[in-house]
Each structure stands twice: as structure tokens, then as C-alpha cells.
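Visitor: So the chains spell out like this:
There are 2 protein chains.
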Amino acid sequence: MAFSYLFKHLKYVIVVLSVFCTLTMEAQTDEDAFFIRSVYDQALSHGQAYPWLYHLTTDIGGRLAGSPQAAAAVEYTRQMLDTMGLDTVYLQACEVPRWVRGNPEVVRVAQSAMGSFDLKATALGNSVGTGPDGIAAEIVEVKSFDELDALGARGSVKGKIVFFNREMDPNQINTFAAYGGAVDQRVYGASKAAKHGALAVLVRSMTNRRDDIPHTGSTVYEDGVKQIPAVAISTNDSDKLSRLLKMQAVRVYIQTNCAMLTPVTSYNVIGEIRGSEYPDELILVGGHLDSWDTGQGAHDDGSGCVQSMDVLFLLKSLGYKPKRTIRCVLFMNEENGLAGGKAYWAASNAASEYHMAAIESDRGGFTPQGFSADGHADVLQAKYRQLTTWLPLLEPYGLHFSTGGSGADISGLKDQKGLLLGFVPDSQRYFDFHHTHTDRIEAVNRRELQLGSAAMASLVYLLDKYGLE
Amino acid sequence: MAFSYLFKHLKYVIVVLSVFCTLTMEAQTDEDAFFIRSVYDQALSHGQAYPWLYHLTTDIGGRLAGSPQAAAAVEYTRQMLDTMGLDTVYLQACEVPRWVRGNPEVVRVAQSAMGSFDLKATALGNSVGTGPDGIAAEIVEVKSFDELDALGARGSVKGKIVFFNREMDPNQINTFAAYGGAVDQRVYGASKAAKHGALAVLVRSMTNRRDDIPHTGSTVYEDGVKQIPAVAISTNDSDKLSRLLKMQAVRVYIQTNCAMLTPVTSYNVIGEIRGSEYPDELILVGGHLDSWDTGQGAHDDGSGCVQSMDVLFLLKSLGYKPKRTIRCVLFMNEENGLAGGKAYWAASNAASEYHMAAIESDRGGFTPQGFSADGHADVLQAKYRQLTTWLPLLEPYGLHFSTGGSGADISGLKDQKGLLLGFVPDSQRYFDFHHTHTDRIEAVNRRELQLGSAAMASLVYLLDKYGLE
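Those protein sequence lines, which keep their order, are chains P and W. End of the first sequence = 1000 in the working numbering, gap-free, step of one. End of the second sequence = 1000 in the working numbering, gap-free, step of one.
So that you can see chain P by itself, here it is in the shape it has in the complex (with noise of 0.2 Å):
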């Protein structure tokens, strides 16, 4: 009797049925909402990103992997996960290169029809030095590999100094996306013009500003090749050059002193809340503990760090008690190697981990945007589906989501089909600091630092309470 009435009276059960799955729905979406809005007013009236990146970057100061502000850096960030009352907080070891600048490079133009002066210049990270006597020789200018491969061939480039003078594309809106067009130079070009018996490098600065400023980054030598200098140069002094050079042949004087030295143990710096209902089930957040050593590594990325950092604050400080293990990983030697995220990635594979969602900031401490996502080709465009459907709730915030890259540090983690994030803040001023002096505290706004640790909190928050499938 009471199957046959049911389905004699199922079209009420099914109004019934989907009143109460709205009405539950509604109820879930108005706790989000008012959750989220809880989590901006923390991270806006209490977050600690600001405070722990001023002394991250005043205090400490650049972080190159290997430096004692490294291991500084390590230690301050693991006393401050210990503050939280978390369920875990731990150093994870990895091997690191020790590089290091030595003094102050010099490049040199001895004399010209625009006299003799000084460019603003830094070695690039990994660089080899000249030695004490340096290296003069003819500039040669390129803008591409099939330049440099073109004059190669003809001979017109052994015993020169290559001039890598492709500009960042000034009409790509978003700026990773420029720099992505012409960093190859920087990463590559050394190794391209010894091949072509090149005696070093310069190379322009990856910035769309005109400036004076020299932004160092890593050059990558090829196995086998041999290690030439590689130098940047500032945009206005790229662009003097250039000029220069279409008067003239130019001889330029390089001396660097940087050393590449015996690798040392430093460490990721880990702190995780446990799941309650599903602790296999990893949501990470993290950014890289290290910097280049010329400023104080305020944005690239100190920010990332400490938002991530602050990501488990707001949380416990919400008293919010997650259903999955929230880890907040600070990775080392993301610049100069990516040996910590390597070490992450091995342990993690090593111990069938499962990291649904990994989230990484390590584009700037600017205000939000949203978040970029990738993944393994066979769950990318479900789980994508999945996180779209939070839009609702995000929106209000400025938030949007997009697919692309996600983060170097959790990039290896592709093949336990989670979804890999990247945050995505406002790119416009990333590469007016990227990797030179200017990169200090005062070029963080306070308020774009702490809506950062917001948005990240609130979408951690909606996928441990969600999870994916």
C-alpha cells in the first residue's frame, strides 16, 4: 500500500521532493555566501599576511635558495605555523644549488661616439663569472634565435658578445603572457650563442617599463655546452645600445663574479589541518619560500607564501573544521632549480597521494582576478565544470576563472588528476619590480595582499565543503 500510493501521489512527492532540495540548496548557498563574507572581513580587519611578509622582506630580506635568509626564511615561517595550532607542521628536505653574485657586476662601454659609460646590469641567476679580468669584446644584437642561428652560420658571431634585445610585447593585456614571449632569451640564450662560440650574454630586461632598472632571473646552461656569462641590462640602456650600435661597432667590458657552489640542504616548510571526514583527499596551497637575492622578494613571492599562510589562519581562526586536509606548502629553490617542489612531488607520488586541488600564488600580491586552471587532460574539463559553478558565489568579490597554467611548485603533481590552480591577480604592475631591487614591501598594497588570502581561503573553503569528483 504504501509503494502503490506513493506512485499514485509521485508527482507530489516530486514537487515536494524538489521544494525541499531548492529550499536546501538556497540554505547551502546563503551559508556560502555568508561564510565567504566572513572570510573577507577576517582577512581585511585581521588576516596576518601583511604583518609576516613585513618581516619576510625588512627583517629577512632576499631569499636565494641556500642563503642564511633562506634558512632564516625557513625557520621564521615554520615558528609561525606553530603558532596556529595546526594538526601537523613539518620541513621537508631537498638538495639546493648555492649560487652566488659575488661583487657587483660591470658592463662597461669604454668608449663611443656617446662616450664611455656604465649600463645598469645584473648577472643573471646560475650566471658563471669572467674572472677578475673580465671579457671585452664586439657587440653583436639579436632579437631572435633565428637571427642569432642566421649570423651564426656566417660566422659573425664567435669571439662576440651576444645582445638579446627582443622587447616584452607591449600590446599582450595580460603580462605573463609577454613575458612569456620573450624570456626564452634570458632562460636560453647563453647556451644558444656559446654554441655559436659567443664569449657571453646580455640580455634586456623582462619588463614593459622603460627604465633603468636590471631584473636578474635564471639562465639555463645546456648539458655539454660551454658556460658563457649572461648579463641583463635595463630597457633604457638596451634601447642606448641599440641606438648605439646603429652608428657603430661597439666593444663592451663584462665582469662577473658570480660562483656556482657546493649544493646545500635546505627545506619546504609544511603545516596542514587533518580532514575530518576525508583526510586522504589534499587540498594544498602554497607559494616559493626563495627569491632572487637583489630585493626582498616582497610580491615574487613572499606574497604567495604568506597568503597561503594566512589561508589556514582565517580558517582556524573562523573556527572552520574541514571535512579534507588542508596543506599550506612553502616551497624552496622555486627560482633557481625548483629542488623543493621536485622533493615535493617524489614524496607525494611516492605515498599514492591524492591532491584534489592544489593552488599556488606566485604572480604578485595585486589585486585578484580569479584563478587559472589546468590539470590532466582526462579530468580537467569536468572538474573546471565543477568550479564554475561557484561563480555565483565569487563573482561578487571580482573573481573569474580561466584555464591556462597553474604554478611551477605544483605542476609535478599533474598525474594524481586533481585540479592544479594558479591565483590570478591584476599582472599590470608584476613586471615593473619582477626580479630586481624594487621588489620590497613598499610595493605591496596592503589591501590587495589580504583580498588575496580571501579569495584563496573562500575557494578552499568551497572545495573541501564540495570537494570534486
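Please keep in mind that the hints were generated in silico from the structure rather than gathered at the bench. Take the hints with a grain of salt, since some may be wrong.
Because identical chains cannot be distinguished in the list, a pair is counted as satisfied if it fits within a single copy or across any two copies.
To be verified - Below, in silico cross-link-like pairs of lysine to any residue (SDA-like), each with a Cα-Cα straight-line distance of 25 Å or less: (1) K914 <-> G686; (2) K674 <-> D909; (3) K777 <-> N705; (4) K651 <-> I972; (5) K771 <-> E973; (6) K852 <-> G943; (7) K757 <-> D770; (8) K651 <-> E973; (9) K847 <-> I704; (10) K777 <-> Y585; (11) K914 <-> M791.
These figures come from a predicted structure and were not determined experimentally.
Fit chain W to the known structure of chain P by using the hints.
Guide: Below, chain W without anything else, positioned relative to chain P:
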């Protein structure tokens, strides 16, 4: 026969017609996307906004209405518009107040448990002076007009200096909303306090930052109420004074040396491209040329002026021939009287002009987020709907629409029943600089400024091409 044949084959006709329509629409959309892309390329590579702003801020400086700098700015921008080959460039006279700050203001705690100290202070615009002897009296702190009235009713305000110390709400995501929630203290505080017999007012600076920078801005005296001096003090000093008041009664000495002189004639600067098909349908772009005297008026509102000029430059330099009349208006005296706006509305309404759309840029030269739409209640909804049909063309540039305020200088055009739009950039940093000596060219990022020109020009193009019903 033709008819019956047509009828018989109507379904094919419909198919053919809809294919045709779809192709035409797609062709249009492609053409629009292509043109908008070219607007952005032009703005980012060849836009004039930044060099114009550089001159306006660095060579001319702060441009308080009635000042020599304001006159220089009128002449400079007129000349720049004149170089563009527009159809008309002219000045529109308006009578502006001539307020002068005089010697630097002093706000001093002569003796207290925290010693003797000067507070970082700036007289509010339009404030009267104290006279050379200044005013010394006891401070009474309030957070609201209700609190003031309650104290006043008990006779506790008479003979005192009222200290308005309500903070801007840090939890508002949009900083303009936080400003709106606190600025009544600055605008109306002096007259409200005077009614209770206060001798002067101190007002907490309108910013979310904690720093040592006082923010000026207009105070408005109520007719028939005694005019008393009004001074802003920095947020750090507001906090300090408030702490001190919890410990003891505090006497403060205030000296302001301001004066309101005889009004003078100044001008709005106007340039336009006359429409080829509907010259009487106006599309206005504008900002205000005057600024406070303390800084260079870079974000407020040099940015809005040069972006509006750049809209004409970009469209002209791309060879675009508008159907409708595109008019750039640089308004005078927005900051302390709105005389330019009022003169413009009066002339426009008297001439029965129709502003189909008006866009004001007066929220700083930061990364664009979209436009806020306002208008007469009869037309707003329908016109807003039309606007949103262009979203697919603008969202790739991070632009969205909302309803809300437009701009003070165009608000008086509402009865013409066009659409009033406020350009909306990222608001996080605006009140770091607003009405202070730090609102200088160094605070403006070239690319962010250029993207604003491009956003406005793109919307003007769509408004011109498709119109608004």
C-alpha cells in the same frame, strides 16, 4: 506567383535569411572585436595619456580652481586638443570660488601624558582660517552625528573642538563604499558641530591606510551657521589622539591660514568630433581638470582628463569616423564647488542637447574593471540591457557592467534621459593617495592608465556604432 512561391518556400527563405543574419552579425562582431583590439594596441603602444599626464602633474602641478596652475592646465589641454584636428575646440566660462590655503596649518598638543607634539594636518578645502592667534580648546571625540547631537544636547560641545574619528570600514571591498560611509564627517561635520557651539573641528583622514598623511577634501558650510575652521589629521595621529583622550582631557591648538577670496572666471575645456549621421546625439567623455593643491592631482583627476582626451586621439588616429558627436569635456572646479559641471548642464539643457551617453573617469588611473551605469528611472533599465549585449566584446579585457553612480560632473544631465556612466577601475589604492601630497605621477602606472583610455574608447566606439534606444 512570386508571393505564392515565396510562401511555399518560406521555410527555406527563413533558413537563408537567418544564415544571412547570423553571418552579418558574426561579421559585425568580428569587425567589432578587431576594432577594439586595435584600440587597445594603439593605446598601449602609442597612447598619449601618460605623456600628457606627466606634463599636467610634473610641469603644472596641483590645479585648485582659480589658481594660476588651473589656468595653465586649461591652456595646456586646450592646446593639446587643438593639435588633434578635431572639429571644434573651445572653452566654456564658469565662475569658480578662489580658496587659498595660506601658510601651513598647525595642530598641536602643547602638553600631555604623551608630551608635546604636532599632528600631521591639512585644512579642509573651503575652511575658514583661525586668524594668526589660532584657537586653543579642549577636544571632544565623536564617531557619528548622533553622538555629537547627544553630547551637544548636554552642553558638552560648546566651546570645544570636535574630533570626528569614525574610520572608513575596512571590510568594504569597494573602497568608494567605505568612503561614502565616512565622508559625511568631513563634508558636514563643521556646520553640525558649530550648531552646538564648537569652535573648530578635526576630522580623521579619509583612507583605509594607517599612515602619517593627512587627506584634504571639501567641507561645506550650511547657510546661516557660523563657519568654524575644519582640519583633517592623519589616521596615525587620529589613533594617537584617541588613545590620549582615553587617558586624560586634551587641549589642542589649531592654526589655519585659509581664506576664501573673490570668485574668478575659469573654464571647462571642450573638444569634439562632429558626428556624420546623428550629430545631435552626443557621447561625452570627461574628467575634471581641477585638483587639490596638496599634490599633483595625478589620479584625481588628471588621469580622467588625459584618458578622455586620449579617447579622441585613439579614435582619430585609427581613422574612425563617428556617426554621433563625440565630445571630450574637462570640467573645472569639481573639487570645491562643481561650477564647471553646473555651467555645462545649464548650457546643455538650455540648448536642448541630448547626451545619448556620458562617461566620466574620476576614480583614478588604475586597472579597468568596467563601467557603472546610472540614468533616469524611465530609461535606465532598457539602456542598461542594451549595454550588456556588448559584454562578450569587453569581457576579454576584464570589463564588466554594474548599476550605481556615474560621476559628479555629469550627474546633472540625467533629465536628458541618456545613459550616464562612471568608468570603474580597481579601487584598492585610490584612497592611499586621494587628496594628499602623494597623488603624484609616481603613483600612476603607465599601462594601467593606458588600459583605461582603451576601455573608454572601446565603449565609445560601441555606443557610437550601435546607438542606444
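Visitor: Each hint needs a verdict: does it hold in this structure or not?
Guide: Hints versus structure:
In this assembly of identical chains, the alpha carbons of K914 and G686 never lie at most 25 Å apart, being 53 Å within a copy and 66 Å across copies at closest. Taking identical chains as interchangeable, the C-alpha atoms of K674 and D909 are never at most 25 Å apart, the minima being 39 Å within one chain and 58 Å between chains. In this assembly of identical chains, K777 and N705 lie within 25 Å of each other by CA distance neither inside one copy nor across copies; the values are 32 Å within and 50 Å between. In the homo-oligomer, the alpha carbons of K651 and I972 lie at most 25 Å apart both inside one protomer (23 Å) and across protomers (24 Å), since each shortest distance falls under that limit.
In this homomeric assembly, K771 and E973 come within 25 Å of each other (Cα to Cα) only across copies, at 23 Å, whereas the closest approach inside a single copy is 29 Å. For the homomeric pair K852 and G943, neither the shortest alpha-carbon distance inside one copy (28 Å) nor that between copies (53 Å) is at most 25 Å. For the homomeric pair K757 and D770, neither the shortest alpha-carbon distance inside one copy (28 Å) nor that between copies (62 Å) is at most 25 Å. Proximity of K651 to E973 under the C-alpha cut-off of 25 Å is found in both arrangements, the shortest distances being 22 Å within a copy and 21 Å between copies.
For a Cα distance limit of 25 Å, the shortest separation of K847 from I704 across copies, 22 Å, qualifies, whereas the shortest one inside one copy, 37 Å, does not. Taking the shortest alpha-carbon separations for K777 and Y585, neither the intra-copy value of 46 Å nor the inter-copy value of 30 Å comes in at or below 25 Å. For the homomeric pair K914 and M791, neither the shortest alpha-carbon distance inside one copy (43 Å) nor that between copies (64 Å) is at most 25 Å.
Checked against the numbered hints listed earlier, the structure breaks hints 1, 2, 3, 6, 7, 10 and 11; every other hint is satisfied.
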